[in-house]
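> Those protein sequence lines, which keep their order, are chains A and B. Using the working numbering, read the first sequence as starting at 1 and increasing by one per residue. Using the working numbering, read the second sequence as starting at 1 and increasing by one per residue.
Hints are not guaranteed to be accurate.
Repeated chains share a single entry, so a pair holds when one copy, or any two copies, can fit it.
[As the list claims (entries may be wrong)] Pairs of lysine to any residue, SDA-like flavour, derived with a Cα cap of 20 Å: (1) Lys153 to Pro131; (2) Lys198 to Glu134; (3) Lys88 to Thr117; (4) Lys153 to Leu91; (5) Lys153 to Ala48; (6) Lys211 to Asn118; (7) Lys153 to Glu95.
Hint data in this document are derived by calculation from the structure and do not stem from the laboratory.
2 protein chains.
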Amino acid sequence: MNAPVIILIRPQLGENIGAVARAMSNFGLSSLRIVAPRDGWPNEAAEAMAAHAAPIIHAARIFETLPEALADIQVAYATTARPREVEKPVLAPSEAVAEMGNAKSALLFGPERTGLTNEDLGWCHSIITIPTAENASLNIAQSAVVVLYEWWKLSSRAQSRDLKDPSSTAQDNGATMQDYAHFFDQLEAKLDAGHFFKVPEKKPGMWLNVKNMFLRARHTDQELRTLHGIVRALSEK
Amino acid sequence: MNAPVIILIRPQLGENIGAVARAMSNFGLSSLRIVAPRDGWPNEAAEAMAAHAAPIIHAARIFETLPEALADIQVAYATTARPREVEKPVLAPSEAVAEMGNAKSALLFGPERTGLTNEDLGWCHSIITIPTAENASLNIAQSAVVVLYEWWKLSSRAQSRDLKDPSSTAQDNGATMQDYAHFFDQLEAKLDAGHFFKVPEKKPGMWLNVKNMFLRARHTDQELRTLHGIVRALSEK
Chain A
1 MNAPVIILIR PQLGENIGAV ARAMSNFGLS SLRIVAPRDG WPNEAAEAMA AHAAPIIHAA
61 RIFETLPEAL ADIQVAYATT ARPREVEKPV LAPSEAVAEM GNAKSALLFG PERTGLTNED
121 LGWCHSIITI PTAENASLNI AQSAVVVLYE WWKLSSRAQS RDLKDPSSTA QDNGATMQDY
181 AHFFDQLEAK LDAGHFFKVP EKKPGMWLNV KNMFLRARHT DQELRTLHGI VRALSEK
Chain B
1 MNAPVIILIR PQLGENIGAV ARAMSNFGLS SLRIVAPRDG WPNEAAEAMA AHAAPIIHAA
61 RIFETLPEAL ADIQVAYATT ARPREVEKPV LAPSEAVAEM GNAKSALLFG PERTGLTNED
121 LGWCHSIITI PTAENASLNI AQSAVVVLYE WWKLSSRAQS RDLKDPSSTA QDNGATMQDY
181 AHFFDQLEAK LDAGHFFKVP EKKPGMWLNV KNMFLRARHT DQELRTLHGI VRALSEK
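Only chain A is shown next, with the shape it has when bound in the complex (with noise of 0.2 Å):
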């Protein structure tokens, strides 16, 4: 299996920050990506709380946005205990990493106050969900720990058995983050070309559902390729 990437986006307390490097060291992980962290970059409090998880800290990756922090990510997912009317499968946690594979994965965690925006989720392929007692409120290091274990478990038995998880679903592969970007941004510059946003205030939503369609359906990168090419041919004529 491989090891997903783990992504804050916007994380506010230094603390939290530490607590995840610290839930990552403990269950086996070490590559942390922080996307526009509030209080800047080194952080002590994230160092004082990681202990002996420093080095995952002292090793993470700063973006300025999480398309960039994803660029090399073939699946991402979103933990978020409130599902919005986004059109994304939702997994347990167990079931999202018995679906990680050989894929290049990302697990994403959002900001402690406001959580991920739409347009963090429409970066992703899925949504995780933690089960929980009604009312409850997880904090992100929390979050972070039972996903995190769910993942040791799970590759700890496949090391120990020395083979691929069979349930695996993802493909190694799959069109990466960035190779979607591209795609997207070019389909974007054809789609406003051609006037296919009648009503400019629909557009961020219609424009997020077609980005949806496509992630959906997880195409390998010879995929992407054609798509491109398809969306040339037909805006060229």
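Since the structure of chain A is provided, determine the placement of chain B on it from the hints.
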């Protein structure tokens, strides 16, 4: 399924007590007991960290010793990363919650720095060890999140199917820890009187082993009364 009681033994940081309460609330538990909290009680840091779980903090019961906190408990599980040379079953979190069934059970978490003593472990039937990467260091709040999450997964499944978990091995009529404490008090006095412990320095270890041997059998309350009778009968002649 009967919800387990959470027992924190000599916790040091109020923040950790609050974080455990929060995990309890998120995963449907409410009964918190605390043995000899380092910073006394009430504890402002615990309340602040608990947030929506403050009612659990306010309802927490404080005890001076672990046997007092365990008085009405039938089966006790200690969560520790470092099983010592103690003859106890070692379970994964999912295994431990599966055997709780309708017994009155308790989940024990030790102090942050030093962990549980052999004396503490002597009161437990089984040890729960969370699978982790090497050199892991889960704090008590993280450990609680994992174990309580497993409990919630199982109990919400059991509720939705409206059936008792079939793999449960714990008994409703199991002796409580208070029953055991009385029995041990009687037994120890008789053994002392009979010069059973020939070398005083070896008594603590020997006595732990004797207690473990009895606890492991998980007697019913009726069986424990029978044992009482046996000890009395043997020592009276």
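> Run every hint past the structure and note whether it holds.
So, going through the hints one by one against the coordinates:
Proximity of Lys153 to Pro131 under the C-alpha cut-off of 20 Å is found in both arrangements, the shortest distances being 17 Å within a copy and 7 Å between copies. When the C-alpha separation of Lys198 and Glu134 is checked against a cutoff of 20 Å, the pair qualifies neither within a copy, at 42 Å, nor between copies, at 57 Å. For a Cα distance limit of 20 Å, the shortest separation of Lys88 from Thr117 inside one copy, 14 Å, qualifies, whereas the shortest one across copies, 48 Å, does not. For the identical chains of this complex, Lys153 and Leu91 are neighbours both inside a copy (17 Å) and across copies (14 Å), given an alpha-carbon limit of 20 Å.
For the homomeric pair Lys153 and Ala48, neither the shortest alpha-carbon distance inside one copy (27 Å) nor that between copies (33 Å) is at most 20 Å. Taking the closest pair of Cα atoms, Lys211 and Asn118 come within 20 Å of each other only inside a single copy of the chain (12 Å); across copies the shortest separation is 58 Å, beyond that limit. In this assembly of identical chains, Lys153 and Glu95 lie within 20 Å of each other by CA distance both inside one copy and across copies; the values are 12 Å within and 13 Å between.
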